Amino acid sequence: MTLAIHTDSLSKRYRRHLALDDCTLAIPDGRIVGLVGPNGAGKSTLLGLVSGMIAPTSGSIEVLGHRPAVSPEQLARVGFVAQDAPVYSRLTVADHLKLGARLNPKWDQAFAERRIRERGLDLKQKAGSLSGGQRAQLALTVAAAKRGQLLVLDEPVAALDPLARRGFMRDLLDFVDELEVSVTLSSHLLGDLEQVCDHLIVLANGRVLISGDVSDLLAVHHRITSRAGDPNRLPADAELIHAENSRGESSVIVRSTSPVPGAEAVDLEDMTLAYLTRATTTGPVGPTRAMTEADR
Amino acid sequence: MIWLTWRQFRAQTLVAAGALALLAIYLIYLGSEIRSFYDTRIANCAEQACYLARLDLRATYDDAISIMVVLLIAVPGLIGVFWGAPLVTQELEQRTDRLVWNQSVTRTKWLAVKLTVIGLASMAVAGLFSLLLTWSASRYDQVIGERFAALSFGSRNIVPIGYALFAFVLGTVVGMIVKRTLPAMAITLIIFAGLQLLIPTAIRQNLMPPITDTVAVDTNVLNSGVGMNLKEDNTFDIQGYTANGSWALQFSSPLYKADGTPYRGEDAKPCLIPDDREASDACTAAQNLHFDYTYQPGYRYWTFQWIELSMFFGLSLLLTAFGFFWLRRRS
Numbered sequence: 000m001t002l003a004i005h006t007d008s009l010s011k012r013y014r015r016h017l018a019l020d021d022c023t024l025a026i027p028d029g030r031i032v033g034l035v036g037p038n039g040a041g042k043s044t045l046l047g048l049v050s051g052m053i054a055p056t057s058g059s060i061e062v063l064g065h066r067p068a069v070s071p072e073q074l075a076r077v078g079f080v081a082q083d084a085p086v087y088s089r090l091t092v093a094d095h096l097k098l099g100a101r102l103n104p105k106w107d108q109a110f111a112e113r114r115i116r117e118r119g120l121d122l123k124q125k126a127g128s129l130s131g132g133q134r135a136q137l138a139l140t141v142a143a144a145k146r147g148q149l150l151v152l153d154e155p156v157a158a159l160d161p162l163a164r165r166g167f168m169r170d171l172l173d174f175v176d177e178l179e180v181s182v183t184l185s186s187h188l189l190g191d192l193e194q195v196c197d198h199l200i201v202l203a204n205g206r207v208l209i210s211g212d213v214s215d216l217l218a219v220h221h222r223i224t225s226r227a228g229d230p231n232r233l234p235a236d237a238e239l240i241h242a243e244n245s246r247g248e249s250s251v252i253v254r255s256t257s258p259v260p261g262a263e264a265v266d267l268e269d270m271t272l273a274y275l276t277r278a279t280t281t282g283p284v285g286p287t288r289a290m291t292e293a294d295r
Numbered sequence: 000m001i002w003l004t005w006r007q008f009r010a011q012t013l014v015a016a017g018a019l020a021l022l023a024i025y026l027i028y029l030g031s032e033i034r035s036f037y038d039t040r041i042a043n044c045a046e047q048a049c050y051l052a053r054l055d056l057r058a059t060y061d062d063a064i065s066i067m068v069v070l071l072i073a074v075p076g077l078i079g080v081f082w083g084a085p086l087v088t089q090e091l092e093q094r095t096d097r098l099v100w101n102q103s104v105t106r107t108k109w110l111a112v113k114l115t116v117i118g119l120a121s122m123a124v125a126g127l128f129s130l131l132l133t134w135s136a137s138r139y140d141q142v143i144g145e146r147f148a149a150l151s152f153g154s155r156n157i158v159p160i161g162y163a164l165f166a167f168v169l170g171t172v173v174g175m176i177v178k179r180t181l182p183a184m185a186i187t188l189i190i191f192a193g194l195q196l197l198i199p200t201a202i203r204q205n206l207m208p209p210i211t212d213t214v215a216v217d218t219n220v221l222n223s224g225v226g227m228n229l230k231e232d233n234t235f236d237i238q239g240y241t242a243n244g245s246w247a248l249q250f251s252s253p254l255y256k257a258d259g260t261p262y263r264g265e266d267a268k269p270c271l272i273p274d275d276r277e278a279s280d281a282c283t284a285a286q287n288l289h290f291d292y293t294y295q296p297g298y299r300y301w302t303f304q305w306i307e308l309s310m311f312f313g314l315s316l317l318l319t320a321f322g323f324f325w326l327r328r329r330s
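From first to last, the protein sequence lines stand for chains V and X. Each residue of the first sequence is one higher than the one before, starting from 0 at the first, in numbering that gives the first Met the number 0. Each residue of the second sequence is one higher than the one before, starting from 0 at the first, in numbering that gives the first Met the number 0.
Source of the hints: derived by calculation from the structure; they are not laboratory data. Predicted model, so just to flag it, every value in this text is computed and none were measured. For glycine and all other residues, C-beta sits at the position ideal for the given N, C-alpha and C. A couple of the hints might just be wrong.
What the hints assert, rightly or not - Incomplete in silico selection of chain X near chain V, CB under 8 Å:
#, residue
1, MET0
2, TRP2
3, LEU3
4, THR4
5, ARG97
6, LEU98
7, TRP100
8, ASN101
9, SER103
10, VAL104
11, THR105
Generate coordinates for the entire structure from the input sequences, incorporating the hints supplied.
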């Protein structure tokens, strides 16, 4: 099976700053991948490497089995909408469709025109005078009508209001079904991605904290709540991700492939936050203290 | 890709075409004026009338031609600043590189098409302007005969084509390095203007080894508008001599007597005949003076045009290669 995205020890350095650090990923084809992490986590760098806009400093990356942007064929396979959905402000909406048609052999003019009509965009309007949401729709239409196998969207809803975000995501799901493409999209808010993605990558400080299909991730993460002083019942292979104490109660999120007696299910948001908190807490202070309490 | 290049470049093309059309109308008018002046007053003129007609031709058309020359010299600079420099920087500044480089066209091809289409347009604009001016001023040049002069040489025939291509590619490459439009424009202008000053003053004359002849001072030489200058060490220089159609590489040159010693102040005394120039010149000519004259001969004019055109094409090619290297390294 071809992997949609396959990276091996992928790193990208900008002068002194290590934007992406030793990132190894294997993402199956046919997923909607959510890439989440705080600002500056390296999301745009990773997506730039996937689209071939930038080249890695070290390590390797293959997208749909080929090096990114290596040939016109490979460029045709991947549709990319960069952050802030850049468009030519002096060209009209119709010009952008023509640009897509001229520069992409598999261009789907009927699809593009239908989407533009459905989004209520005026073909004769200059792209520079579109609203943020309309511009995002135009850029997405150009990327999608290429009819590639993978659509990469960098922070597609960052400029949209909450209502428009929901609409954008619902619309995305619709045409993903229609076009049969894989999608990788990023956001610094898990809430944007939660409802659409079936594969999640959590990134912080240029490192991959966790990557996997959502159902698999939820199956192996558990929350254990106990009163202080209660004996702890962690299975031997459990990895402590995060612990917090409040009012004499301790709540622990662990990763364990074997069943944990007395554990509750954890939702995607809590799990993600647990990993992000662990990554951003300086040193092992938090978890260690939790461990001693749990040991007691 | 050609369509996109044209679409993004449409406004500039129309401006250039409009300006060129206006220039064409004016230059054709100017050219026919000069031609009728030439036909009526110079073509079959007698000696003294000829001299006056030449002065008159120069006085009448010098300003008009100078303005056109300055414009034509400026055109490549404008092309570099307004077509070259923004070519890549504008995509980077508006982040549209991320749009256009993700269509199914490699960025190598993107750059190749952009450079080819706009490079050809640059050469066409400068070439047409030069063709018009060369035609328009041809009678004037024929009479005045300063085709090696810095401004004349650079504004006639084929060299402006080379300047235009070079300036365009230079602007593009500077833009790639500087990444911001305004500084790229300024740097392009400075480099190009510097080169346009450096080449006529220091480089062009060395493109081929000059010829040095010994010229005997006869009445023809003395009548060609030269001056004799007595220097502080009491020896003479001859100043302002230019053999017909050639490019003199020095303004003044020491005068020597037949025995090879410098021509001194006391040697000239016998020939100082007040109020009789002809007698004075005849006396000086009889002294068998000579001087060294270093020059580029007039028949080399076209060789120089081709050398300079090739030189600028070569530089453009080097810069283009750098542009592709930059693009590859960036990916």
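Structure-based check of all given hints:
no., hint, result
1, MET0, "holds (6 Å)"
2, TRP2, "holds (5 Å)"
3, LEU3, "holds (6 Å)"
4, THR4, "violated (10 Å)"
5, ARG97, "holds (4 Å)"
6, LEU98, "holds (5 Å)"
7, TRP100, "holds (7 Å)"
8, ASN101, "holds (4 Å)"
9, SER103, "holds (4 Å)"
10, VAL104, "holds (5 Å)"
11, THR105, "holds (6 Å)"
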